[in-house]
Amino acid sequence: MTLPSGNDGFVVFDHVQKSYDGQTLVVKDLNLSIAKGEFLTMLGPSGSGKTTCLMMLAGFETATHGEIRLDGRNINDVPPHKRGIGMVFQNYALFPHMTVGENLAFPLEVRGVGKAERESRVVRALDMVQMGRFKSRRPAQLSGGQQQRIALARALVFDPKLILMDEPLGALDKQLREHMQYEIKALHNNLGITVVYVTHDQGEALTMSDRIAVFNDGRIQQLAPPAQLYEQPDNSFVAGFIGENNALPGVIEQLEGGKALVRLATGELIDATPVNVREVGQQTLVSIRPERVEFKPEMMPAGAHTIDAEVRDVIYMGDILRARMKVAGSDDFVMKFRNTLGQTRLDPGQHIRIGWNPQDARALDLV
Amino acid sequence: MAALDPHAAVVTGATGAVPVAALTTADGRPLARALAISSRRARRRAFLLVLPLLAFVLITFVVPIGQMLHRSMYNDGFAANMPQVSQWFADTPPGTEPDEAAFAALAADLTAAAEAKTIGIVGTRINYDVPGTRSLFTATGRKARGGFEPPYKAALLDADEKWGDLRLWRVMRNASTAYTSNFYLAAVDRTRDDEGRIVMAPAQQQVYVMLFQRTLVLSLLITLTTFLLGFPIAHLLATLPMRRSNLLMILVLLPFWTSLLVRTTAWMVLLQQQGVINDLLVWMGAIDEQGRLSMMYNQIGTVIAMTHILLPFMILPLYSVMRTINPSYVRAARSLGATSWTAFRRVYFPQTLPGLGAGALLVFILAVGYYITPALVGGSSGQLISNMIAMHMTETLNWSMAAALAALLLGGVLVLYWVYDRLVGIDNLKLG
Numbered sequence: 001m002t003l004p005s006g007n008d009g010f011v012v013f014d015h016v017q018k019s020y021d022g023q024t025l026v027v028k029d030l031n032l033s034i035a036k037g038e039f040l041t042m043l044g045p046s047g048s049g050k051t052t053c054l055m056m057l058a059g060f061e062t063a064t065h066g067e068i069r070l071d072g073r074n075i076n077d078v079p080p081h082k083r084g085i086g087m088v089f090q091n092y093a094l095f096p097h098m099t100v101g102e103n104l105a106f107p108l109e110v111r112g113v114g115k116a117e118r119e120s121r122v123v124r125a126l127d128m129v130q131m132g133r134f135k136s137r138r139p140a141q142l143s144g145g146q147q148q149r150i151a152l153a154r155a156l157v158f159d160p161k162l163i164l165m166d167e168p169l170g171a172l173d174k175q176l177r178e179h180m181q182y183e184i185k186a187l188h189n190n191l192g193i194t195v196v197y198v199t200h201d202q203g204e205a206l207t208m209s210d211r212i213a214v215f216n217d218g219r220i221q222q223l224a225p226p227a228q229l230y231e232q233p234d235n236s237f238v239a240g241f242i243g244e245n246n247a248l249p250g251v252i253e254q255l256e257g258g259k260a261l262v263r264l265a266t267g268e269l270i271d272a273t274p275v276n277v278r279e280v281g282q283q284t285l286v287s288i289r290p291e292r293v294e295f296k297p298e299m300m301p302a303g304a305h306t307i308d309a310e311v312r313d314v315i316y317m318g319d320i321l322r323a324r325m326k327v328a329g330s331d332d333f334v335m336k337f338r339n340t341l342g343q344t345r346l347d348p349g350q351h352i353r354i355g356w357n358p359q360d361a362r363a364l365d366l367v
Numbered sequence: 001m002a003a004l005d006p007h008a009a010v011v012t013g014a015t016g017a018v019p020v021a022a023l024t025t026a027d028g029r030p031l032a033r034a035l036a037i038s039s040r041r042a043r044r045r046a047f048l049l050v051l052p053l054l055a056f057v058l059i060t061f062v063v064p065i066g067q068m069l070h071r072s073m074y075n076d077g078f079a080a081n082m083p084q085v086s087q088w089f090a091d092t093p094p095g096t097e098p099d100e101a102a103f104a105a106l107a108a109d110l111t112a113a114a115e116a117k118t119i120g121i122v123g124t125r126i127n128y129d130v131p132g133t134r135s136l137f138t139a140t141g142r143k144a145r146g147g148f149e150p151p152y153k154a155a156l157l158d159a160d161e162k163w164g165d166l167r168l169w170r171v172m173r174n175a176s177t178a179y180t181s182n183f184y185l186a187a188v189d190r191t192r193d194d195e196g197r198i199v200m201a202p203a204q205q206q207v208y209v210m211l212f213q214r215t216l217v218l219s220l221l222i223t224l225t226t227f228l229l230g231f232p233i234a235h236l237l238a239t240l241p242m243r244r245s246n247l248l249m250i251l252v253l254l255p256f257w258t259s260l261l262v263r264t265t266a267w268m269v270l271l272q273q274q275g276v277i278n279d280l281l282v283w284m285g286a287i288d289e290q291g292r293l294s295m296m297y298n299q300i301g302t303v304i305a306m307t308h309i310l311l312p313f314m315i316l317p318l319y320s321v322m323r324t325i326n327p328s329y330v331r332a333a334r335s336l337g338a339t340s341w342t343a344f345r346r347v348y349f350p351q352t353l354p355g356l357g358a359g360a361l362l363v364f365i366l367a368v369g370y371y372i373t374p375a376l377v378g379g380s381s382g383q384l385i386s387n388m389i390a391m392h393m394t395e396t397l398n399w400s401m402a403a404a405l406a407a408l409l410l411g412g413v414l415v416l417y418w419v420y421d422r423l424v425g426i427d428n429l430k431l432g
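Those protein sequence lines, which keep their order, are chains A and B.
All residue numbers for the first sequence refer to our numbering, where the first residue is 1 and numbers rise by one.
All residue numbers for the second sequence refer to our numbering, where the first residue is 1 and numbers rise by one.
The set of hints was computed from the structure by calculation and includes no laboratory data.
Any given hint might turn out to be false.
Restricting the straight-line Cα-Cα distance to at most 25 Å, the calculated cross-link-like pairs of lysine to any residue (SDA-like) are [claimed, not checked]:
#1 Lys161/A - Thr339/B
#2 Lys82/A - Pro327/B
#3 Lys82/A - Thr342/B
#4 Lys135/A - Phe344/B
#5 Lys36/A - Ser143/A
#6 Lys115/A - Phe349/B
#7 Lys161/A - Phe349/B
#8 Lys82/A - Gly379/B
#9 Lys82/A - Ala154/B
#10 Lys82/A - Thr339/B
#11 Lys115/A - Trp341/B
#12 Lys115/A - Thr342/B
#13 Lys115/A - Pro327/B
#14 Lys326/A - Phe349/B
#15 Lys135/A - Thr342/B
#16 Lys82/A - Pro131/B
#17 Lys82/A - Ile121/B
#18 Lys115/A - Arg346/B
#19 Lys28/A - Ser143/A
#20 Lys161/A - Thr342/B
#21 Lys185/A - Ser143/A
Take the sequences, apply the hints, and build the full model.
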């Protein structure tokens, strides 16, 4: 039996559109297939439609058009409580009038699980997140991180096929957030469940995900594993949204053999890899990661074009140094270089020549 | 030996040589006193700022209530103006038949009271218990101007034979002490018999207990109806988008901005037998001319009109609590497998309890003391205890009776408040 393409995933969005007011589309023709056991992150700025997608998957919003399938079954008309999807909310949504134990027992109770089994499954879920001691506490007596673990345990306790997380770490401080990222990732690996994770924090997305769907303006801009997303962005939005990025506007001067020569506004020429440019004379934005910019000639490939840069300031960040430079008439070109013993010092006002490997500079569309 | 032990030296040093009281400011004054001086000015200013309100509350609230409570058990209308006969009552045991000495004392007191023009006050006091006796006192008082001749019993009976009525004498004995529990007894339909024992009042005078019960039942009913009607509206207010919820809020608050009388009159227009609702029902053929519903001048009218008037007091606390309940709680419950009804019952409703408690308490306490609406639309069967209090204040002028009834009402509300505090906790009350 052969399934039509796009129908083979565990979770499938098939030409899904969503409008709240009948005037504008919040989600524009979404097609997404998520494999069983995958950790997929929906990443994007607020208002990009990622949370709407999650809410449609959970059943709190209905798709205006298109079909959402879970495990091969159309769930458009299945009410939320029959979808069997575990969800972790941004503010945890732990029921304040119930103890931790009662919170965890709730999904089992409404499913008619017997008392003895309920008890053992609650204990097991609490142990899974190392919160066994807090069973009789109330949510208000717990710290943010502890509440987060309980919310996670509550979403897992009824063994759902799919877990949705809506910015679950947004309210935690940086250190705790990083710690929880590892824990969630470890739980995902151990349990083998499918996770759909929504965040606007690109660092979080890069650390945890198998694949990331970058949302903007109601569309998926790029769907790729983290490394590919960071190193080979498909368009200017993705390049700018993920990580720090230098964007140099210019015109395609030459286009051949997978290489492009771009002339900047100042008349200088740079090397780039064409991504979504098609013809000579086309306007483009060349995207270069700050850590891939070189200023020592021995680090650049032979024959690479170099351009003039005037150092504006150098910020000491401990492990790295961050130099802000004036390049091609723009003041905010950034270069990062490692803080090693004997590293060349740069001073404000100094003129240097910078260059890069053509693979690291991607000639993209205009925003 | 011990002095050589370094730990022992530390311990004595800590407890003996450096006492806590020795803490001083930099210039050597004791720290505690410096703190008191520095905070005294701020405290004095704070006190002066609340002083007007404190005085206002004392004068307009604490003093009148205290006076009311005092009046409910103190009435010297008889005792102060009839000293001799009061003395005779004090000297003889209850149930003693009035003898010549008693009539002599009565005659002397009546004469004195008539000259001092206080005979009306005395008559009013006795009139509370035996209706129609005020005129007996004033009429006898007019004849007493010239004084009575012995034998006094015959002279007084000659003036009016009602003076021989033993019931009158029993009532006068009860009134002869200024401090009395009789008003409270009367407020719970009890009285004293000839021997001074507490017995039930005559059946046709038993009205107050029934009225207290009716007030309680109707107030509970009104609390329930405001809850049933107000809960969905409060929820709507809390979940609608801001602009539309503001409009709805204005509609909710509209009754607050309309005169109570106008609102009540509007209900009269709607509910009466020749009123809008009945006309409509007859026109639709739901009822015929003879079967017009009586929805007014009875308890139904009282419940309908008071539910409307007290509805905002239920809606507003509920709304203020519901607004703070994050919609993600219900969503979480739904995603965890609860039907919408279970999510409401187990997750949403329990979180609205602080608002519900506040609203219910507010509505109930207001309903218990409500006066104008039952007076206007209640008819005879829809009257509440407050109407009886008002009647004693304005018509029978038996202020002590009104005070006793009001004190019982106040006590009941305080008990309710205490029960609420024990069951729910007053800290959980959220009024806004």
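Could you grab the alpha-carbon distance between lysine 161/A and threonine 339/B and see if it respects the 25 Å cut-off?
It holds: about 19 Å lies between the C-alpha atoms, which stays within 25 Å.
If you draw a straight line from the CA of lysine 115/A to the CA of threonine 342/B, is it 25 Å or shorter?
Holds: lysine 115/A and threonine 342/B sit about 18 Å apart, inside 25 Å.
Is it true that the CA of lysine 185/A sits at most 25 Å from the CA of serine 143/A?
It holds: about 21 Å lies between the C-alpha atoms, which stays within 25 Å.
Is the Cα-Cα distance between lysine 82/A and threonine 339/B 25 Å or less?
holds (9 Å)
Holds or violated: lysine 161/A to threonine 342/B, with C-alpha atoms at most 25 Å apart:
holds (23 Å)
Check whether the Cα positions of lysine 115/A and tryptophan 341/B lie no farther apart than 25 Å.
holds (22 Å)
Sort out whether proline 327/B lies within 25 Å of lysine 82/A, counting only the CA atoms.
holds (19 Å)
Keeping to a limit of 25 Å between CA atoms, is the pair of lysine 82/A and isoleucine 121/B held or broken?
violated (79 Å)
Decide if the proposed pair is consistent with the structure: lysine 82/A and glycine 379/B, CA atoms, cutoff 25 Å inclusive.
Roughly 55 Å separates the two Cα atoms, so the pair is violated.
Quick one, are lysine 115/A and arginine 346/B close enough, alpha carbons at most 25 Å?
holds (17 Å)
Proposed proximity, threonine 342/B with lysine 135/A (alpha carbon, max 25 Å)
Between lysine 135/A and threonine 342/B the Cα gap is close to 23 Å, so the pair holds against 25 Å.
Below or equal to 25 Å on CA atoms is what counts here, so check lysine 115/A against proline 327/B.
violated (29 Å)
Hint compliance for this structure: hints 5, 7, 8, 9, 13, 14, 16, 17 and 19 are not met, and every other hint is.
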